[in-house]
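> If you want my numbering, it's the position in the sequence shown, counting the first as 1, plus 27.
Think of the hints as simulated: they come from the structure by calculation, not from any bench.
Take the hints with a grain of salt, since some may be wrong.
[Stated by the list, open to error] Pairs of lysine to any residue residues, derived as SDA-like cross-links and limited to a Cα-Cα distance of at most 20 Å, are as follows:
(1) 94 / 120
(2) 102 / 141
(3) 102 / 123
(4) 124 / 94
(5) 53 / 79
(6) 102 / 114
(7) 124 / 108
(8) 102 / 127
(9) 102 / 119
(10) 124 / 114
(11) 53 / 67
(12) 102 / 139
(13) 124 / 142
(14) 102 / 89
[To be verified] Restraint-style ranges between C-beta atoms, simulated for each label pair:
(15) 68 / 88: 26 to 34 Å
(16) 48 / 84: 24 to 32 Å
(17) 130 / 84: 44 to 52 Å
(18) 97 / 44: 44 to 52 Å
Using N, Cα and C, we set each Cβ at its ideal position, and we do this for glycine too.
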Amino acid sequence: MGLIWWILPAIAAVIGLMLLFAGFGKLARLKAGSGAVRLTFGAGMLALAGVVAFAGLNLQTYKRLTKERYAANIKFEAVEGEANAYTLDLTFSDGRKLVEANGAQPVLRGNEFEIGA
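Working from the sequences, and respecting the hints, build out all of it.
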């Protein structure tokens, strides 16, 4: 499925460029009617090639999303009696838990948290 989404737009782009240059050639020979038709079809084929290429790229990136995996389970619970304080229960996909050096659950303070890779 992957390669066909690049071959089809490439073929359409080559045909579009051939029609486009043929249209310019007809216009140069002062044949406005056939030159305009070829220019129109050439531009249309190039546009179609671009649309198909972007659709193929979109489908390929969407397919890669299924390869993502579960990373962690994160739970926040408010600490009673403290404003903007939360205990964090973070369990990684391999079963490990995030704990402080003394073995207690971490307490986060504030109202904005960021966890990066």
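> State for each hint whether it applies.
Going down the list of hints, with the structure as the test:
Pair hint residue 94 plus residue 120 holds up; C-alpha atoms about 15 Å apart against a cutoff of 20 Å. Distance hint between residue 102 and residue 141 is fulfilled; the C-alpha atoms sit about 13 Å from each other, no more than 20 Å. Distance check on the hinted pair: residue 102 and residue 123 sit about 14 Å apart at the alpha-carbon level, within 20 Å; holds. Distance check on the hinted pair: residue 124 and residue 94 sit about 24 Å apart at the alpha-carbon level, beyond 20 Å; violated.
Between residue 53 and residue 79 the alpha-carbon distance is near 28 Å, which puts this suggested pair outside the 20 Å criterion. Between residue 102 and residue 114, the direct Cα distance comes to roughly 8 Å. Compliance with the 20 Å bound is thereby established for this hinted pair. A threshold of 20 Å between alpha carbons decides the hint, and for residue 124 with residue 108 the separation of about 25 Å lies outside it, so the pair is violated. Of the pairs offered as hints, the one joining residue 102 and residue 127 holds, with about 16 Å between alpha carbons and a cut-off of 20 Å not exceeded.
At most 20 Å may separate the alpha-carbon atoms for a hinted pair to count; residue 102 and residue 119 meet this at roughly 12 Å. Annotation: proposed proximity of residue 124 to residue 114 holds, straight-line Cα distance about 13 Å (limit 20 Å). Restraint check for residue 53 and residue 67: satisfied, since their Cα atoms lie roughly 12 Å apart, inside the 20 Å limit. For the suggested pair residue 102 and residue 139, the alpha carbons sit about 14 Å apart, so the restraint of at most 20 Å is met.
Between the alpha carbons of residue 124 and residue 142 the distance comes to roughly 15 Å, so the proposed pair stays at or under 20 Å and holds. For the suggested pair residue 102 and residue 89, the alpha carbons sit about 29 Å apart, so the restraint of at most 20 Å is broken. About 31 Å separates the C-beta atoms of residue 68 and residue 88, a value consistent with the hinted range of 26 to 34 Å. Checked against the hint of 24 to 32 Å, the pair residue 48 and residue 84 passes, with Cβ atoms roughly 26 Å apart.
A hinted range of 44 to 52 Å for the beta carbons of residue 130 and residue 84 is consistent with their spacing of about 48 Å. Distance hint check: the CB atoms of residue 97 and residue 44 are about 47 Å apart, consistent with the given range 44 to 52 Å.
The structure fails hints 4, 5, 7 and 14 (numbered hints given earlier, in ascending order).
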